[in-house]
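Enquirer: Take these sequences, add in the hints, and give me the full structure.
Protein chains in written order, with my numbering: chain V, 29 to 421; chain F, 24 to 615.
The set of hints was computed from the structure by calculation and includes no laboratory data.
Since the structure is predicted, the reported quantities are computational estimates derived from the model, not experimental observations.
Cβ atoms here follow ideal geometry from the backbone N, Cα and C, with glycine treated the same way.
Do not rely on the hints blindly, as some may be mistaken.
Below, simulated DSS-like cross-link-like pairs (lysine-lysine); rule was C-alpha separation at most 30 Å, straight line [unchecked claim]:
no.: 1; chain 1: F; residue 1: K47; chain 2: V; residue 2: K229
no.: 2; chain 1: F; residue 1: K202; chain 2: F; residue 2: K47
no.: 3; chain 1: V; residue 1: K229; chain 2: F; residue 2: K48
no.: 4; chain 1: V; residue 1: K225; chain 2: F; residue 2: K37
no.: 5; chain 1: V; residue 1: K225; chain 2: F; residue 2: K151
no.: 6; chain 1: F; residue 1: K590; chain 2: F; residue 2: K565
no.: 7; chain 1: V; residue 1: K225; chain 2: F; residue 2: K42
no.: 8; chain 1: V; residue 1: K375; chain 2: F; residue 2: K202
no.: 9; chain 1: F; residue 1: K27; chain 2: V; residue 2: K245
no.: 10; chain 1: V; residue 1: K104; chain 2: F; residue 2: K202
no.: 11; chain 1: V; residue 1: K246; chain 2: F; residue 2: K27
no.: 12; chain 1: V; residue 1: K280; chain 2: V; residue 2: K246
no.: 13; chain 1: V; residue 1: K246; chain 2: F; residue 2: K37
no.: 14; chain 1: F; residue 1: K304; chain 2: V; residue 2: K347
no.: 15; chain 1: F; residue 1: K193; chain 2: F; residue 2: K590
no.: 16; chain 1: F; residue 1: K42; chain 2: V; residue 2: K229
no.: 17; chain 1: F; residue 1: K562; chain 2: F; residue 2: K382
no.: 18; chain 1: V; residue 1: K225; chain 2: F; residue 2: K47
no.: 19; chain 1: F; residue 1: K48; chain 2: F; residue 2: K37
no.: 20; chain 1: F; residue 1: K193; chain 2: V; residue 2: K347
no.: 21; chain 1: V; residue 1: K225; chain 2: F; residue 2: K590
no.: 22; chain 1: F; residue 1: K27; chain 2: V; residue 2: K229
no.: 23; chain 1: V; residue 1: K86; chain 2: V; residue 2: K246
no.: 24; chain 1: F; residue 1: K427; chain 2: F; residue 2: K386
no.: 25; chain 1: V; residue 1: K245; chain 2: F; residue 2: K37
Sample of chain F residues at the chain V side, in silico, Cβ under 7 Å [to be verified]:
no.: 26; residue: K27
no.: 27; residue: A31
no.: 28; residue: A56
no.: 29; residue: R58
no.: 30; residue: Y59
no.: 31; residue: Y108
no.: 32; residue: Y160
no.: 33; residue: S161
no.: 34; residue: L168
no.: 35; residue: L169
no.: 36; residue: V201
no.: 37; residue: D205
no.: 38; residue: V208
no.: 39; residue: A378
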Amino acid sequence: MTQMPDREKFPVHTGGVENFDLESGRYMKVWQGPQHPGVTGNMALELVTSGDEIVDLKTHVGYLHRGFEKLMERRKWIQNFPLVCRICVPEPDFNEYLYAAATEELAGIEIPERAVWIRTLNLEMARLTSFLMWLGGQAGAFGMGTIGQWTVTMRDFMLDLFEELTGGRIYHMYIVPGGVRGDVPQGWFSHVLTTLKNVEKVLDDIELVLFNNAVFKKRAVGLGVITPDMVDYYGITGPNARASGVARDIRKDRSYLIYDKLDFDIITGISIGVDSDIFGRTRLRAAEMRQSISLIRQMIDKMPEGPVHVSPPNVLHWKIPAGETYLSAECTRGEYGYYIVSDGSDKPRRVYVRGPSYTHAVALFEHMAPGTNIADTAGLMVSLHTYPPEIER
Amino acid sequence: MSIKDIIAPFAVWKRAFEKPWTIKKPIDDRPGADRYRGFHKNDGDTCIGCGTCETICQNAAIDMVPVDGVQGDGGDSGLRPQIDYGRCCWCALCVDICTTGSLTMSNRYVWTDNDPDVYRFIPGYDSKEWDNAETGYSRPEGYSLLKEERVEMPALSVEEGLKSFVEMIKGYSAEQAVKEADRCVECGICVAECPAHMDIPGYIRAVREGNIDEGMRLLYETNPFPASCGRICTHRCEEVCSIGHNGDSVAIRWLKRYIADQVELEDYGKALPRPEENTGKKIAVIGAGPGGLTAAYYLRMLGHDVAVLEARKAGGGMLRYGIPEYRLPYDQLDKDIEYIRGLGVEIRYSINVDAESFKNLEKDYDALFFSTGLSDPYKLGIDGEDNPRVFGGLAVLDEVTAGKDPKLGKTVGVIGGGNVAMDAARTARRYGAEVTVLYRRRVVDMPADIEEIEEAAEEGITIIPQAIPLRVEDAADGKVGFVWNMAEMVDDPDGGRPRPQPIKGEIHTFVCDSLISAVGQGTNLPYLPEESESGVAVKRYKPVVDERGQTGNPGIFAGGDIVNSRKDAVSAIGDGHAAALSIDRFLMKKEA
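Expert: As structure tokens, then:
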């Protein structure tokens with residue numbers, strides 16, 4: 029059941045100007061955010077409501093703009109890896125990986141096999157960790173804060189693992205040009221396996237109480253439907269696209285790192301038999317969490333031995349041959365990409381970050397919100413899984 | 024919707040009876056992981072203040088600041104990193120790049136204070152509660168952001184080298200030089216240590232960027248003997264090089280040589296500045312060694328007329344007569360000297376200065392600089408030392424320079440552990456002799472460059488350390504016997520270096536065809552008039568000068584081996600440069 033706004037019911041924008049007669053008493057303008065628990069990150073939603081129904085939504089970004097892309101042009105190649113992780117707080121590793129991999133590609137550096145495996149492991153752990161936070165947010169947006177407490181606890185145990193591996197909980201700064209910063213510490217794999225078991229147990233509980241929940245079903249089923257024809261039109265990637273039945277996953281389609289050596293299938297709404305509404309997307313993401321757990325276990329099983337790093341030239345004078353490259357990876361939200369241009373100097377000439385939140389949180393969200401209930405805005409936004417810092421690099 | 028959807032959510036209640044996960048801070052402590060990037064620690068004894076952490080910090084959170092009780096000498100800048108936790112992001116790039124490994128992080132991560140200024144502190148010096156906490160992040164094994172291995176220098180094989188006096192070291196190719204220059208972190212610790220204070224990071228950068236002319240210009244700012252120094256400099260700079268703390272020091276000397284080798288003598292003028300306009304002042308320099316010619320070069324550049332008087336037939340002093348050709352080919356030395364001469368410095372050879380002519384020079388010239396080097400070999404001070412089979416080390420090298428075979432015989436003993444001893448030993452080896460070096464202390468105590476000692480050993484020269492000379496006596500078949508006493512090293516109660524002490528009964532005799540005595544040499548200043556006449560005081564055989572080379576007579580300056588304690592080419596060059604500036608100030612009545 030698609031809930032599309034009946035555009036004819038409401039006045040429309042003409043020439044970029046809104047035609048709501050706010051004096052008429054029919055409409056009310058409400059600002060949600062930039063500081064609002066129902067908005068992921070700092071982003072403002074300018075809502076025009078009629079009763080409790082959203083008539084129009086405009087997104088406002090810029091509250092988190094720190095000029096990452098520009099900053100990188102003024103720093104030496106090595107100095108950027110501590111910076112890129114800040115572009116997406118809940119899953120910094122994709123930034124670290126893409127920056128490092130693109131730099132290596134431009135510089136012509138081959139990294140050791142074990143480093144490739146550890147990177148992949150790192151990314152899958154980041155996916156699981158990020159989904160844990162998201163799942164709590166999704167449940168919380170519909171008033172089920174208990175689940176949020178469970179998942180955030182589990183996320184913290186995942187962060188413990190990151191702390192042990194990388195020395196940092198949030199900003200890992202672990203995947204560096206040339207490989208990874210240090211080998212896996214003694215006993216770390218067994219810690220990972222223990223934590224994964226706990227996460228699985230909590231996932232079982234969550235699936236029981238969330239997917240068999242009258243309230244969640246009432247609110248989430250049929251809300252925020254993404255149809256397959258919207259996917260290309262809005263540039264939708266990741267679980268948002270897969271839930272609609274479009275089987276796209278960069279891990280399979282343009283295999284990178286060691287994904288071609290791992291056993292997994294693309295999960296789509298069709299393959300697990302769900303609709304592409306919020307309920308379906310939640311189930312799909314829960315399935316992808318289990319997939320991540322399986323991938324991590326496979327990697328720990330097959331992890332090769334060897335060095336984890338090759339030294340670049342003296343990083344203080346490291347110049348990278350002129351060239352450009354675009355690398356992408358499948359993050360939790362879809363296609364994450366880095367386009368890097370080198371002019372042959374010791375600093376990048378241009379770094380462009382392609383984050384999936386841009387299309388999802390702005391164009392798609394503005395399209396989907398009208399016609400929904402104001403109480404569902406938060407749930408709808410969370411279901412698109414967006415992180416504002418990556419919208420405004 | 025089913026009945027399950029109504030009942031299932033109540034399952035959340037089961038967790039209400041579980042033990043909470045939450046840690047009760049601060050009652051329960053939670054230490055950071057073994058690798059935790061917590062608060063910084065710095066081992067002040069290991070830190071040399073190179074400032075590479077400051078350079079790499081992308082947040083500009085680190086400033087190098089002076090610290091009480093830290094002396095800036097001997098390869099230590101005297102500065103220590105101060106970290107501003109208002110800017111730090113704990114990325115640990117500073118720890119990764121630390122050249123000595125002194126900077127690490129603790130696993131502590133909680134620090135509260137009501138004074139915002141305390142968050143800018145000097146790790147290791149401003150006492151903090153985590154100073155003794157467990158180490159968190161430190162540079163992982165095998166992970167390096169710097170290149171720790173030196174680019175290998177192409178050289179003749181030992182067998183090839185022993186066949187002739189052809190230069191052993193071939194020099195870097197452009198690619199090798201750039202790669203080697205790339206290892207430099209430009210900390211500048213070397214500059215302070217170099218007696219001539221050369222702009223080492225500057226000329227290494229010039230190599231890296233392929234700007235040879237700029238490199239030449241920087242070399243000649245402080246040293247007009249780059250081709251020679253690039254080969255035989257004692258390279259104290261490399262001993263303090265920050266990269267050398269965790270790897271091989273940067274081959275500073277070879278890079279200097281690389282620059283000089285790239286430019287033909289006739290092209291020097293294109294890269295280097297011309298002398299200033301003539302001032303009309305005349306200066307006499309006695310001795311055409313590195314000290315005298317350096318003074319002459321800088322005086323000429325300042326527009327003065329300079330006449331250099333040299334007793335020998337050619338210039339270069341010890342560089343020519345003390346250093347064998349396989350280390351410093353004469354054409355390279357000539358290149359350096361020719362450029363100085365080409366600028367209008369007049370060098371008069373075969374002129375012996377005596378007390379009378381010294382006084383005349385003082386009268387005829389506006390200022391006088393003398394740097395005549397050490398020419399008086401020390402005696403061994405043992406019986407039988409005047410045996411005709413005992414030769415002086417310098418005398419042997421001198422003869423070889425003149426193109427004569429020193430006729431040392433098949434077995435040669437060399438007494439001494441300095442560079443002259445090594446050069447004499449290796450020279451004798453090139454004439455086919457079996458050579459043994461006998462030195463009174465340990466190998467580590469030898470004043471010779473470590474490279475010379477190593478290369479001598481590679482060339483098959485035997486080194487007998489802890490051999491105290493007792494006497495020289497005649498042996499059968501016209502040979503000579505050197506009687507020595509095995510020593511043991513005893514610690515100096517005054518804290519000096521360990522002293523050799525004879526072991527009773529351990530007396531040996533070394534029989535050889537020739538003995539070369541090379542235990543150092545002293546000043547020889549027969550030309551210097553009495554202090555009452557010249558105003559130049561001599562104390563402990565050395566002319567007394569101030570730090571700018573000026574003697575008691577304001578118009579007379581001295582430098583080089585006769586004055587300084589290092590007694591090497593680059594110190595003489597430093598002295599010559601300092602004296603030239605000092606003479607200029609004196610003549611032009613400039614303020615100091």
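Enquirer: Of the hints given before, which are not true for this structure?
Expert: 2, 5, 12, 14, 21, 24, 31, 33, 36, 39
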